[in-house]
Amino acid sequence: MPLLIRNFRTSFYTDEGVARAVDGVSLTVSPGETLGVVGESGCGKSVTALSILRLVRPPGKIEPGSTIELDGQDVLALDDAALRHVRGNRIAMVFQEPMTALNPVLTVGEQIAEVVRVHEPRASRQEAWDRAVDMLDRMGIPGAADRAHHYPHELSGGTRQRVMIAMALVMNPAVLIADEPTTALDVTVQAQILELLADLQRRLGMAVLLITHDLGVVAGVATRVAVMYAGEIVEEASVGDFFARPHHPYATGLLHAMPRLGARRERLEVIPGAVPSPTAWPDGCRFRARCQFAWERCATEHPPLYHVTSEHTSRCHLAVEPERRGSANGPQRSRLGDRASV
Amino acid sequence: MTAAHHPKAAAPPALLSVQSLVKHFPVARGVLGRHVSTVRAVNGVSFDLASGETLGLVGESGCGKTTTGRAILRLIEPTSGRVVFDGVDLLGLDPGALRRMRRRMQIVFQDPYSSLNPRMTVGAAVREGLTIHRLAEGAEADARVRRLLEEVGLRAEHATRYPHEFSGGQRQRIGIARALSVEPDFIVCDEPVSALDVSVQAQVINLLYDLQRARGLTYVFIAHDLSVVAHVATRVAVMYLGRIVELAPAAEVYERPVMPYTKALLSAVPVADPRSASRRIVLKGEVASPAHPPAGCVFHPRCPHPLKDATCAEIVPPLEEKAPGHWAACIKEPIQDRAS
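Chain order of the listed sequences is A and B.
Mapping to this note's numbering: the first sequence position 259 is 259, numbers consecutive.
Mapping to this note's numbering: the second sequence position 201 is 543, numbers consecutive.
Think of the hints as simulated: they come from the structure by calculation, not from any bench.
The structure presented is a predicted model; accordingly, all values stated were derived computationally and were not measured.
Heads up, the beta-carbon is just placed ideally off N, CA and C, and yes, glycines get one too.
Do not take every clue at face value.
Said to hold, decoys possible - Which bits of chain A does chain B cover? Going by a derived footprint, with three or more residues having C-beta under 8 Å, they are: (1) 156-169; (2) 258-264.
To be verified - Negatives, chain A to chain B, calculated, CB over 12 Å: (3) 40; (4) 81; (5) 90; (6) 126; (7) 184; (8) 190; (9) 238; (10) 244; (11) 267; (12) 281; (13) 283; (14) 321.
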């Protein structure tokens, strides 16, 4: 059980007030598992990822009471030296835009070799370089020995992302956090990178935390899914169970709002309204203003993560009052009849 | 290009006819600006579009879809070819006549924020077109601006606010109101929902769909996301390295794609169904540079077609009608299996 996050809260102390970006998130990622954390802009998914590596900068602050354990070790209690050892060595991260995460004045081989030399000071320059080339080769980069001498700007977006993954995996970390790793890429390149990640995970058995806005990507590569909304996890389940039986009205709304390849020309279902402000999350259920099922209880009582089954949780009172779902505007609204938000 | 290689509109006469459109960008190096190569961004694109149609122009980065959209409107000056709009060849128009024609042809950009003046109120931005084209002034213009804002799902009182006060989805609505203000017949939508979250994206797609029905608009809808295009397009043109490689009614492209590239592109789209991942065709290699496109078929170095041979590297495949209304640029017999 390498990565365990409990009751995690990260807030940003701004002039407009305290933005509770991550507000009580608990997650577990096990070896060989890919947990897809999915949600829209501002839901807190990326701040969660940065918080795990303690990369949140002021005015952001990890609140007291938050817990991150890596193989039983309390990450929040580590001093700077110990933290540096954990970062890149035991937990590594891949970002959305490799161009901004790579150093433009070093060749990609040097950058990967540098990671090796930081974590293994006794490794010689040649050893570090050889391992860098070997990693690039394992990333499926043709002519890796030659490509290692290239600068980031000389490479395509897909190859840069392969370099980022090589850099993240060169120390064989127990946990890989990938924050929108394919969002900036074209769809055929995305397919290549997702296949690479899945293949590497099968061989290396690491735990992967995949942050994405794309439920299609989650369906393709994740084993479990956690849906975030307004700083909280609102649903968590195995991928198979989630896509077969989504429970939370936000999750079902997202699935219905997704354009589908098989669709004919037609309007899409929409989730009316917009995400509330993180400086003023509503009382009760945070989704209730946009929810077609909301009733009195949703305004007064903040829903806990209910167990829908033993492995499937949902932060919706429908879990204990399922008969409410059968109310007038059920989830299967006509795609053509809906004019809610336009 | 002969008429046999020119995809017709769904229902003639065509409102827009694009013929052998070419846009080359010279690449210069050094202090003397020595011409070193040419980027063939658009390399002979032809199609007709009937009034009320939506042509989805799809493809990956660098395929030339955005350049095509801009060259049609002469926002970028084409290198050669013809763009005939309602019987008038746009490339022959002088600046004054082009400006008058532009009232009928508008564009909606991916990021409306960078196309809106931050110091201009939303009302003033929407009103600008009315003034330039002398369509309305004074109280009548104010009333029109209010009606337009309401038509795109904003509120009339939003007219006095500034762009930074709006969310991404709302800004896209402002960009759409601005395009509509001059009562156009034709709009190039250039990745209009790519920067938006799924739930907001659905709202804007529906808006574009409703506006088209209410106003009888004709769209060229440029997008890299094939699922978005499925919801809006009547026909779809797939581009690769500056050329249209497949063009057909939307359902045909999605259900019976002919080109190996189209099949791979469709199969790569992530689908929110864990059971579909196994059918993915992962292409090898990367797209060639548009400065040095491969000889023959531009896709041949990556093509998984089992009948691929040396002729694919020699013959530039013409866009041919393989089935009624279904055009493709491949010299080999289509593979029968379904990819998507």
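Verification of the hints:
no. : hint    : verdict
1   : 156-169 : holds (count 4)
2   : 258-264 : holds (count 7)
3   : 40      : violated, 4 Å
4   : 81      : holds, 40 Å
5   : 90      : holds, 29 Å
6   : 126     : holds, 30 Å
7   : 184     : violated, 10 Å
8   : 190     : violated, 7 Å
9   : 238     : violated, 9 Å
10  : 244     : violated, 9 Å
11  : 267     : violated, 5 Å
12  : 281     : holds, 17 Å
13  : 283     : holds, 22 Å
14  : 321     : holds, 25 Å
Checked against the numbered hints above, the structure violates hints 3, 7, 8, 9, 10 and 11; every other hint is satisfied.
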